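Chemist: In case you want the letters, here they are:
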Amino acid sequence: MSNLQITPDTLALRPATAHDYFELLKPRIIFLVVFTGLAGLVAAQGISGVSMNPVLAAISVLAIAVGSGAAGALNMWYDADIDAKMIRTSTRPIPSGAVPREEALALGLILSGASVLLMWMASNLLAAVLLAVSIAYYGWFYTMLLKRRTSQNIVIGGAAGAFPPVIAWAAVTGTTPPDAWLLFAIIFVWTPPHFWALSLVAHKDYERAGVPMLPVVHGAATTRRQILYYTLLLAPLGLVPVATGLGGLLYGLVALGAGAGFVWFAVRLLRSVAGDPDAGDAERKLAMGTFGFSILYLFLLFGALLIEHATGLHFPLVGH
Amino acid sequence: MTEVPSPEILRLAAQKRRNLWLALALVVFVVLVGVTTTLRIQDADFSGENGFYFSGKMPDMTESAAESPE
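Protein chains in written order, with my numbering: chain A, 1 to 320; chain B, 1 to 70.
Hints in this document: simulated from the structure, not taken from any laboratory.
Nothing here was measured: the structure is a model prediction, and the numbers come from that model.
Treat the hints loosely; a few may be bogus.
Label pairs and their computed distance ranges (CB to CB) [stated by the list, open to error]:
{"id": "1", "chain 1": "A", "residue 1": "Trp-181", "chain 2": "B", "residue 2": "Phe-29", "range": "27 to 37 Å"}
{"id": "2", "chain 1": "B", "residue 1": "Val-4", "chain 2": "A", "residue 2": "Thr-17", "range": "12 to 22 Å"}
{"id": "3", "chain 1": "A", "residue 1": "Ile-87", "chain 2": "B", "residue 2": "Glu-8", "range": "43 to 53 Å"}
{"id": "4", "chain 1": "B", "residue 1": "Glu-8", "chain 2": "A", "residue 2": "Pro-177", "range": "22 to 32 Å"}
{"id": "5", "chain 1": "B", "residue 1": "Arg-17", "chain 2": "A", "residue 2": "Ala-310", "range": "51 to 61 Å"}
{"id": "6", "chain 1": "A", "residue 1": "Leu-105", "chain 2": "B", "residue 2": "Arg-17", "range": "18 to 28 Å"}
{"id": "7", "chain 1": "A", "residue 1": "Met-144", "chain 2": "B", "residue 2": "Phe-29", "range": "22 to 32 Å"}
{"id": "8", "chain 1": "B", "residue 1": "Arg-11", "chain 2": "A", "residue 2": "Gly-113", "range": "49 to 59 Å"}
{"id": "9", "chain 1": "B", "residue 1": "Leu-24", "chain 2": "A", "residue 2": "Arg-271", "range": "44 to 54 Å"}
{"id": "10", "chain 1": "A", "residue 1": "Ala-221", "chain 2": "B", "residue 2": "Phe-29", "range": "44 to 54 Å"}
{"id": "11", "chain 1": "B", "residue 1": "Val-35", "chain 2": "A", "residue 2": "Pro-177", "range": "52 to 62 Å"}
{"id": "12", "chain 1": "A", "residue 1": "Leu-313", "chain 2": "B", "residue 2": "Arg-11", "range": "30 to 40 Å"}
{"id": "13", "chain 1": "B", "residue 1": "Ala-23", "chain 2": "A", "residue 2": "Leu-256", "range": "46 to 56 Å"}
{"id": "14", "chain 1": "B", "residue 1": "Phe-29", "chain 2": "A", "residue 2": "Leu-256", "range": "40 to 50 Å"}
For each residue, glycine too, the CB sits at the ideal point set by N, CA and C.
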């Protein structure tokens, strides 16, 4: 339990450090975004045959990372009130009193502008516009409109995190072909089971803060069922790149194994009482295990794609 | 015995550190813009009408110059 006590005295004793501002950018999300963006960038070059200057490519990926951080700062600025009510988020820079809200807003807006400008300069207008749209989608549409209004918040809002491979593809080729949107679709469908597994553990936090997450509104049993439905949709969807030629043999094997693993976790979760009032430590571990495996799933899929196209191990089973 | 610094001194020290990080971030941004601009110019095609300077033929102005009262 948090022993957080915010008083004027503690504020004076805890001046903000650079680390606090870095935490505002949600570095763990940035890591995932950079990885999927990088995979999209490398796959785009492999599939289209268009090569991008490596320095400009690195700056484009950096722009995606900074844009993601900007959206994170805007999210923390707007959600400071509910973050303070939840144990999981009460130690974040704003609710802990280290960073004033208006500074988070300023940081978010400045980094948004800088990232879009940098993307435009390093690649093209389409990639910059897509980056701007993704920042607005997360920072405004999801955070300000969806999150506190509907239990489908994470389903619709999941698109925000799905943009990086499309942005990266656009940065390389100046277009967004179906393969790019296929990677978007994989992350989009992956997001609900990923977050709902976590929300089965943290649903009391969300309830306290008044956030209508699925377990809060429709209960844990419905959430466990929905996790399985989305996982059953995700597993075959993860294999579609093999059919289009985007993914090769290695990707296909990884997607098959990882998809089966994710479904196995989802089935175990469905049969458990995770998220219910009588859930114990084993159920909590199972929900967190599913959450952890979901992250591994995405890393495996995009990692396989990255390795195939970066090392010449791309052996498509169908012609592209 | 070690003297405990006052909250004001701690605040000023933290502010100084933040200012240094801010300055560093600005320098990095300027360097990135500079590098990007340089690479884009290097990769650009400035041949023909895409050139920086006018290199085509000037229109013949003799007729219009003759009609001019000056």
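Chemist: Take the hints in turn and mark each one as holding or not.
Modeler: Here is what the structure says about each hint:
Separation of A/Trp-181 from B/Phe-29 is about 31 Å and conforms to the stated range, judged on CB atoms against 27 to 37 Å. Between B/Val-4 and A/Thr-17, the C-beta spacing of about 19 Å keeps the proposed range 12 to 22 Å intact. Separated by about 32 Å at the C-beta atoms, A/Ile-87 and B/Glu-8 break the suggested range of 43 to 53 Å. The beta-carbon spacing between B/Glu-8 and A/Pro-177, approximately 59 Å, falls outside the hinted interval of 22 to 32 Å.
A beta carbon spacing of about 38 Å between B/Arg-17 and A/Ala-310 contradicts the range 51 to 61 Å that was offered as a hint. Between A/Leu-105 and B/Arg-17 the CB atoms are about 21 Å apart, so this pair conforms to the stated range of 18 to 28 Å. Checking the proposed 22 to 32 Å range against A/Met-144 and B/Phe-29 shows it holds: the Cβ atoms sit about 27 Å from each other. At roughly 29 Å, the beta-carbon separation of B/Arg-11 and A/Gly-113 lies outside the given 49 to 59 Å, and the hint is violated.
Range check, B/Leu-24 to A/Arg-271: Cβ separation about 53 Å, and the 44 to 54 Å hint holds. Remark: the range hint 44 to 54 Å for A/Ala-221 to B/Phe-29 is upheld by a beta-carbon distance near 50 Å. Take B/Val-35 and A/Pro-177: their Cβ atoms lie about 29 Å apart, and the range 52 to 62 Å is violated. At roughly 55 Å, the beta carbons of A/Leu-313 and B/Arg-11 sit outside the given window of 30 to 40 Å.
Distance hint for B/Ala-23 and A/Leu-256: a CB-CB separation of about 51 Å, consistent with the stated range 46 to 56 Å. For the hinted restraint 40 to 50 Å between B/Phe-29 and A/Leu-256, the CB-CB distance of approximately 44 Å keeps it satisfied.
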